[in-house]
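Residue numbering for the sequence shown follows our numbering, starting at 59 and increasing by one per position.
Worth double-checking, as some hints may not be accurate.
Below are the DMTMM-like pairs computed for lysine to aspartate or glutamate, each with C-alpha atoms no more than 20 Å apart in a straight line [stated by the list, open to error]:
| id | residue 1 | residue 2 |
| --- | --- | --- |
| 1 | K130 | D184 |
| 2 | K115 | D97 |
| 3 | K65 | D157 |
| 4 | K200 | D184 |
| 5 | K115 | D157 |
| 6 | K65 | E159 |
| 7 | K115 | E159 |
| 8 | K65 | D213 |
| 9 | K86 | E110 |
| 10 | K121 | E103 |
| 11 | K130 | E151 |
| 12 | K130 | E159 |
| 13 | K200 | E159 |
Hints listed in this document are in silico derivations from the structure and should not be mistaken for laboratory results.
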Amino acid sequence: MGRPEDKYVKLPAIIHATRIGYRYLSIKSDASGIDYDADTNIFFEPFRAVLERINGKPVDADKAHYLVSQLKLKLSGNDLGRAFFACLHSSIEGYRLSDFENPANNDFSVVTELPYANGEDSFRPDITFLVNGMPLGFMEVKRENNKDGILAEHDRMHVRFKNEAYRPAFRPN
């Protein structure tokens, strides 16, 4: 975090996230395809561990990878994320993805600069919020009174929302 924006905006935002219950994860040594799925950015081990905890049955790494592949299919549809949302609220193949009745059973993590890529298109949100290893939100931070920076980011987001390559990452309403 060598940029002024990191020191004055990103770091305080991460600290605040940890104060409200998120755990900071460094992804410097994590590898795409090994530690997380390159297409969905779902982190395999936190995903596996939470599935095991909230479903009360063993979930091995192969099963976790398989379920991530099933979620990837749900995310590839052109339904604006409705199929994925339904899985979050119910289950996928008999496995609940989150525990709404006892939120303490879930895993809340925050990471920085998690890359989203599809072919030539790529971006890295400043902060990504993971719930049970699944990226469910992100935040772009800007220094105060940085009007041009905020407007430029706003314009970039609108371009990204329209890009089909980012459908698995963005689910507009």
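Now the hints, each set against the structure:
no.: 1; hint: K130 <-> D184; verdict: violated (23 Å)
no.: 2; hint: K115 <-> D97; verdict: violated (27 Å)
no.: 3; hint: K65 <-> D157; verdict: violated (34 Å)
no.: 4; hint: K200 <-> D184; verdict: holds (9 Å)
no.: 5; hint: K115 <-> D157; verdict: holds (14 Å)
no.: 6; hint: K65 <-> E159; verdict: violated (37 Å)
no.: 7; hint: K115 <-> E159; verdict: holds (18 Å)
no.: 8; hint: K65 <-> D213; verdict: violated (24 Å)
no.: 9; hint: K86 <-> E110; verdict: violated (26 Å)
no.: 10; hint: K121 <-> E103; verdict: holds (11 Å)
no.: 11; hint: K130 <-> E151; verdict: holds (14 Å)
no.: 12; hint: K130 <-> E159; verdict: violated (26 Å)
no.: 13; hint: K200 <-> E159; verdict: violated (35 Å)
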